[in-house]
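**Q** Mind docking these for me? Both chains are given alone in their own frames, and the hints should help you get the complex.
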Amino acid sequence: MGREPVSTDLGMPRRRVNPEASERGTLRGDLGFPQAARVALANGQLRRNLGHATATIRAKRAAVVAELDDWEALRDAGSALKADVMSRLPELLEQLEANVTARGGVVHWARDADEANAVITSIIQGVGARDGRPVDQVVKVKSMATQETGLNEALAAQGIAAVETDLAELIVQLADDKPSHILVPAIHRNRAEIRQIFLEHMAGVDPGLTDEPRVLAMAARAHLRRTFLSARVAISGANFGVAETGTLAVVESEGNGRMCLTLPDTLITLMGIEKLVPTWRDLEVFLQLLPRSSTGERMNPYTSLWTGVTPGDGPQEFHLVLLDNGRTAALADQVGRSALHCIRCSACLNVCPVYERVGGHAYGSVYPGPIGAVLTPQLAGMHGHPGVGPGAGPGDPVDTLPYASSLCGACFDACPVKIDIPSLLVHLRAQHVDGERARHRLPTAERAAMAAAAWVMATPGRFATAEKGLAAGRLVGRGGRISSLPPPLSAWTSARDLPVPPRETFRQWWSRRPSPAGTPSPFVRGAPSDE
Amino acid sequence: MTSSSRRGAPGPTGNGAKDEILRRIRRATTEADAGTPGGAVPRGYHLQGEHSPGSPELIELLRDRLLDYRAAVHRCSPEEVPATVASALADRQARRVVVPAGLDPAWLAGWPGDAVPDRPAAPLTVTDLDGMDGVVTGCAVAIADTGTLVLDASADQGRRVITLVPDYHLVVVRAEQVVQSVPEGLARMDPDRPLTMISGPSATSDIELNRVEGVHGPRTLVVVLVG
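Chains as they are written, first to last, in this note's numbering: chain F, 1 to 531; chain G, 1 to 227.
Excised from the complex, chain G in its bound form (with noise of 0.2 Å):
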């Protein structure tokens, strides 16, 4: 039983315009002798980047494309992250951040704030999200051509609203998650799973097409970049 059926969504309506549409599209693809065949898609475009995933070309890829993006970037070794994830956290003053119930103890162990876990069940409110002084995840995998973090919802990474609520995302990226091109990235990404893709902090071009940071979404996001 679906969950919408459970809760007595109304259900699908208008199974006449089904039909009718799909009447409409038959008789207009066979009026217009239907187009081109399917099939035959010319993928001609690079379908792998130059450097192999984790490679430290695609690091410092990575690091140029979200500075571009105003993220805030630190470079560590495995190692150093308790320490960065705790400096980058003092900086911003944090007392309470929310964290997803898998993400690794050790990252935040140099830190002495109160790290807040969202537990599948007994998950935060949005009120007590949005008095958190931040979010600290993984993320599922990087694409560095673009800058982009891709959150899948995994143990380390949690709902999506908890990296959404609160106003500072700090993440924490792996450097075998990071490949260069976007068909590299999609192919590691998993459509069951609800998928989030940030390129930089929240932004708008919408006054005189100007991008500038900071809207709806945490108008600061800090990135930790592992080896």
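Bound-form chain F, shown alone (with noise of 0.2 Å):
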């Protein structure tokens, strides 16, 4: 090992580029999250890196959340708004684009991710034709619907560079790596990572950079500098879109985000339509909301609003590319369609214990965490429900994604619309679990042990009976484990321990310690349908 050139490889944590990717689709993985979650469990590195990260921006969170007297109320207003907008989708979207287009802009639908990047490409190919110089190079801002579409290769495909301009989305784009959280896609990579990623990849890069944070965003700030000065196409995503006035809004950082939308010339903006505000006034809500809960800021540094074109300011040509790609499945789902409320915030992903342990690269998809765990199998498709496709059949990496949860309802707690997470994550369960009863015509082993159980607990002379048999599992285990079971017990020891049972159970203890003047026993002695 030691021979190996160091100048490749400084003991540094290597990404696992998975070359099959972008043919699975940007929210299906190749592995199932058990599988995946094994990998990333054994990476040292990324738990210390996402442990500090998630420490700190809760901490954040909390602070800024608890100066806010009327933070209830806020979340109440926030779901109501969401779900008055999804009862009216195609009132707002018509309205949404009558003010676009009133206003200079021109809007676009695209029913899925090819059809998608398909009317970018041809609007980017449009402004090289009509200026006799095509257009090899656009910048984005960060936004999660190019990346559910995988806009970035569709475009290179072509011929087109797409250079992500957030630095996070930089990060990831410098190590040809994947994003692994919703806000902070570098979140797996601390600063000395950081460091060496803008050392090997980024061109001109000062050999004498350092870790510190503020040096290694004034180097992103030289690196980008002259592409944003010279950008002719810039694309966007949107946080909100308002129907009464047609005017959409972006909320970052760094100023990346008013390079795009103010030097190009012409601004290409996805957005999906479960976007939508109805009234200029509902932004007073969402605009508390969010900051709040994304960064743990009482407002993020820059937020822009525009609507349409404004002639002598800004870019003068508009392009709003609305996209469904699974949204209406969702929709379709009564209890499903909530997950469609989300403001793309990354709260619950922050206080999640199992996001926090394992990363967001587990998931496969590129919405992880709780939300992810509940969009993606909606969006795209799993066994039982029915998203922009109909699932990829047995073994579908995405059927095991509403099984990647404790349902400890910590994100329940920190969603600043209140979506239900684990709620949801129990529906999806229950319709996969069905999906795969109509599949099975026999009993499988998990059925088979479920009606053994419900047999077993009918009656508590049956259950004493079952509970003696349980010392047997103390030979077992190990170091008060038990870690693996012969098939089919197997299928729940794969991905949890079990502890050791006890010596004596609770019941046994009960039944055998000295009665207190002369109470009797709930379980055994006095229980009436004892045999």
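Worth flagging that the hints you see were computed from the coordinates, not collected in a lab.
Don't take each hint at face value.
[As the list claims (entries may be wrong)] Per the computed footprint, the stretches of chain G lying under chain F, defined by three or more beta-carbons under 8 Å from a beta-carbon of chain F, are:
#1 17-30
#2 119-127
#3 153-161
#4 182-189
#5 196-209
All C-beta atoms in this analysis are idealised placements derived from N, C-alpha and C, irrespective of residue type, glycine included.
**A** Shown next as structure tokens:
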């Protein structure tokens, strides 16, 4: 190992770059969650990085949320506003389209990722044709929607380089890595790793670069400055689109968003159809909920709001692309649709004990964490729930996502629009189980075990008899845990350890303890239905 | 005629896509028995702050919030604005700054440097702006609770690009422009104008989720609070 050239491997954890990822799409990984989580859990550096970053952001969020005595009222309003949007989407979308068009913008609609990418590519090529000079590079503001459609890869195939300008996206792009967090895609990287990525992949970077965050931010500024000042086309997402006025909003920190939204002559914005708010005034709710929930700030440094084209100020050509890509499938599920209320703050990721330990890559989707576990199956489709496609069939990694949770409920508490993620997870699990039941004519091991458990638990006597057999479990455990059981029980232990059974169960202890003053045992001696 | 069609931009594509998406939505919401009917949004949150716009408490709150973002803040009376602005620009050793065409000339009357106006008839280029030592503007409204300054491209604020490319931004805020809460601020904002909400200098939280100042926007934000 020591003879390998140090310049290519300084003992840093190497990112698993998956050449098939684009084939399987941006919502569907290669491995199911349990398998992918096992890989991630073996990476000690990743766990330290995530633990540090999520602890920092949790403390910041808690402090700024505690400042507002009307936080719960804001959450109620945010939740009701999104429910209202979902109940009258067609009307609001057409209103948005009419207002954007009236202000000189052009509105496009895309049923799926391929269609969105094709529309955007053709707009860029149209700019090149008009100018008599092809556009070979565009600048991008961080956008989950374009991540979801795999836009960068689609543009690259047409000879157009998409330059990510958000610092974390730039880190991911330079390292040929994948995003692992909705807000901070490079959250899995610490400052030393980021420095190394810059040294290896950023042309013309100062070789004396330190790992001071401020110095790293300056390096990104210098690297992108010329690109910004000469960019002809920019691509953004949108945090909000106001139906009443046709206004779009991008919420950001660094000023890369302002650069993209202001400097190039042509702006293309890709927005999911669920990102609407009905009226201008509704922003007063979301502009309080979002910054405090996402970066833990009273307000993010920059929010840009624009309506169509303003002559003489900013882009003179504006295109808005409205994206479905599975959203209407989620909408058809009366319970599941509340996942569409998400405003992409990522608070649920930061409080999730599962996310904190496995990181975002284990989810295999551009939407990781608790919200990803309920959004991804509905957008991509899983067994028992249609998305943009029917799901990938048996062994689909997406099918494992509703189970990627301990249902502790921290995500629900943190969600600024009160999405009941634990209930959604249970709902999707039920759909998945129903789907499986329909597929298997013979009972599965799980169903047989559940039926047996139901029979055993039906009377106290059967249960007491079963308990006597439990002690045998002590023989297979090591160190107080059972880590592997033979099939079919291995289906349980492949992803979980079991504690070894106690020497004595509570009921056994209760029945032999000296009974104070004639109190009958409720379990054995006095139980009326005992055999 | 809209500016985009005048310039021959590609027109809307995928009208079939629009119809199909709307059809899918209508089917989905019918199937799911249309969720909560719209209309009843509870607005139990504070619509107004406890202090009235322009009150000394709000000026102080705004100052505190801006300092928290590591902006530089100077308070002065209306008469002291020229001297305060001149002193801040001198500290910066600025020689040439860009100003919007409608900036109150009195604000820069105490400063001996070169104030270059960005005129709609002859707008400065990005390269011109990149060569400036800073920009001086007014603002449309300021929100004290969140330390936010809103620019709306009025005559004393100028095009969005002039407050973006220079590395130093000095904003003069008049007391009557300061409101307490986000709802009060939005009520004063005109969605027909291009709007930029600024809360501190450019910053990022992308490295280990700690906020550090200074990426692509102006790395130095100086606020002169008048009143």
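**Q** Where does the structure disagree with the numbered hints, that is, which hint numbers, in rising order?
**A** Every hint satisfied by this model.
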